[in-house]
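Here the protein sequences come in this chain order: A and B.
Just so we're aligned, residue 7 is where the first sequence starts under our numbering, counting upward by one.
Just so we're aligned, residue 13 is where the second sequence starts under our numbering, counting upward by one.
Because the hints were derived from the structure by calculation, they are not lab data.
Small disclaimer: the values here were computed from a predicted structure and weren't measured.
You may find that some hints are simply not true.
For lysine to any residue, the following SDA-like pairs were computed, each having C-alpha atoms within a straight-line distance of at most 20 Å [as the list claims (entries may be wrong)]:
1) A:K160 to B:K269
2) B:K269 to A:E161
3) A:K156 to B:P272
4) B:K57 to B:L67
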Amino acid sequence: MFGKKKTVPTLESKVLEARVANSKIYAEGIRKVYSSKKGETVAIEDASIEILENEFISIVGPSGCGKSTLLRILGGLDEVSGGTMIIGDRPIEGPGADRGMVFQSYTLFPWLTVEDNIRVGLKIKKMPKKEQDGIVERYLEIIKLSAFRKSYPKELSGGMKQRVAIARALANSPEVLLMDEPFGALDSQTKAEMQVLMREIWKTERTTIIFITHDIEEAVFLSTRIYVMSDRPSVIKANIPIYLPYERKLELKDTAEFIALRRKITAMLHEDKEQEIMA
Amino acid sequence: MIHLKNLFRIRKGISPVLYNILALSVFALVIGVWWVLSEGGFVDKIFLPTPRAVLKYLIEVFTTGEIFSDIGISFYRIFMGFIIAVIIGVPLGVLIGTFNFAEGLFQPITEFIRYMPVPAFVPLIMVWCGINETAKIMVILIGTLFQLIPMVADNVRSVPDDLISAVYTLGANKRTVILKVIIPAIAPRTMDTLRVMMGWAWTYLTVAELVAANSGLGYNILKAQRFLKTDVIFGGILIIGVLGLIMDRLFALLNRKMFPWAEGGE
Chain A
7 MFGKKKTVPT LESKVLEARV ANSKIYAEGI RKVYSSKKGE TVAIEDASIE
57 ILENEFISIV GPSGCGKSTL LRILGGLDEV SGGTMIIGDR PIEGPGADRG
107 MVFQSYTLFP WLTVEDNIRV GLKIKKMPKK EQDGIVERYL EIIKLSAFRK
157 SYPKELSGGM KQRVAIARAL ANSPEVLLMD EPFGALDSQT KAEMQVLMRE
207 IWKTERTTII FITHDIEEAV FLSTRIYVMS DRPSVIKANI PIYLPYERKL
257 ELKDTAEFIA LRRKITAMLH EDKEQEIMA
Chain B
13 MIHLKNLFRI RKGISPVLYN ILALSVFALV IGVWWVLSEG GFVDKIFLPT
63 PRAVLKYLIE VFTTGEIFSD IGISFYRIFM GFIIAVIIGV PLGVLIGTFN
113 FAEGLFQPIT EFIRYMPVPA FVPLIMVWCG INETAKIMVI LIGTLFQLIP
163 MVADNVRSVP DDLISAVYTL GANKRTVILK VIIPAIAPRT MDTLRVMMGW
213 AWTYLTVAEL VAANSGLGYN ILKAQRFLKT DVIFGGILII GVLGLIMDRL
263 FALLNRKMFP WAEGGE
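Isolated chain A (complex conformation) (with noise of 0.2 Å):
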């Protein structure tokens, strides 16, 4: 790391320098437009995100305001067509292991069993067997699927697949983890437990985690930070520290405070709705 020169391009002031020294990711000026024969739709105007180590960011929004699109061009995956990405000292070009990933849809390799699943990133790393053993051992504990390591993913139930995917992106040990509705397709029971385990995954591992999310509730019980995106054309409409005790149990969703929070960020979201109707 020392002496590496900064390979970013486009850096325009010394304010900016200054942030992405602090943070983990920085994106600025984040466009998307999509080109097809009736004409350009912009699917994402202007998003600046900006997340420091062992944040817990989740980014809220309307159903199909890009809030999924604007987490796969972080990850690499879909093309931006404009904007600013660094990832610690590098910008982002492409999808690497250094940004692992954990998505709505059931990913694991449905060949490989649940321990091997967890061992795909290591193997491509070419790690030694042994280091893999532990880690595996370590991610099967913390996800507490040891007694289904022999298993094949049809044999799991939703929730225990996106445990495993999530192992399966740890192991890999990323800078960044990103989840795109990890929970979407789960019941409400099952949803509920793995926003527990997360919360605690993240304590233990301290992880850098940004969470797409339409379900506000789970945003505010799990992040340290929302940003909250606005309807298409779309922008980052506000940006909400959680202040929120560090351990939170489900009961925290109870509180006085946390339902004052859930409220403040589900008017935010209704906001467009309104001023559309008023339109």
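The hints should help you fit chain B onto chain A, whose structure is shown.
This is chain B only, laid out in the frame that chain A set:
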């Protein structure tokens, strides 16, 4: 007592026993009608041989073993045509399904040839290859290859994008994506595609042997036609049908054994 109402429940199962009874009774009915028509003298034996005559023929050829050389040569032709089709077709299908440029190159021509009737190629193949083994293998190859390519390409396209995205975010390069994700992901479905191809191969084998052979199961049927030995024709068709069915079941079994992890399987 079976209630009629219970049989007509949309997409609801019936007991396996009942299922088997239904399946077997249709076979019994077909054979029964055949029996009555032929043994009862309603239809001339030239047109419709009796089940007894067919059975007698089958027992004879299997006890003397004369049919085995025909089965052997037919199997050889199918195997060769099929293997060559797989060696060319599967990689080409993977390329087409993976890379848009390969699709542009090969898909349209494949679709074009696919709709040409294979039997129409036979005279041409005879001109090009004579009537030796190459000719029969060519018929089977042409018949299966151009069906196989687009089916494998479709298998590749059905691999979820997120599965590929996921392995990219784990640090994979393109090579790893193709070899470690796309290929294993399509394996079970491709085995199933090959099973369907095997059925096509049997059909085209018969086509090839009916018009351009002096050995094999199809030729056996053709030879019988010249002497109006309909019992031999019936027997020959039955042998081909049963062998095809056995191959089909073997493929299905192999698929279950090789890919126990596949969804929907077992």
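Hints, one by one, checked against the model:
For the hint linking K160 of chain A to K269 of chain B, the alpha-carbon distance of about 16 Å falls within 20 Å, and the restraint holds. Under the criterion of a C-alpha separation no larger than 20 Å, the hint pairing K269 of chain B with E161 of chain A is consistent with the structure, at around 17 Å. A hinted pair counts as satisfied when its Cα atoms are at most 20 Å apart, and K156 of chain A with P272 of chain B qualifies at roughly 13 Å. At roughly 14 Å between alpha-carbon atoms, K57 of chain B and L67 of chain B fall within 20 Å of each other, so this suggested pair holds.
Every hint, counting from the list given before, is met by this structure.
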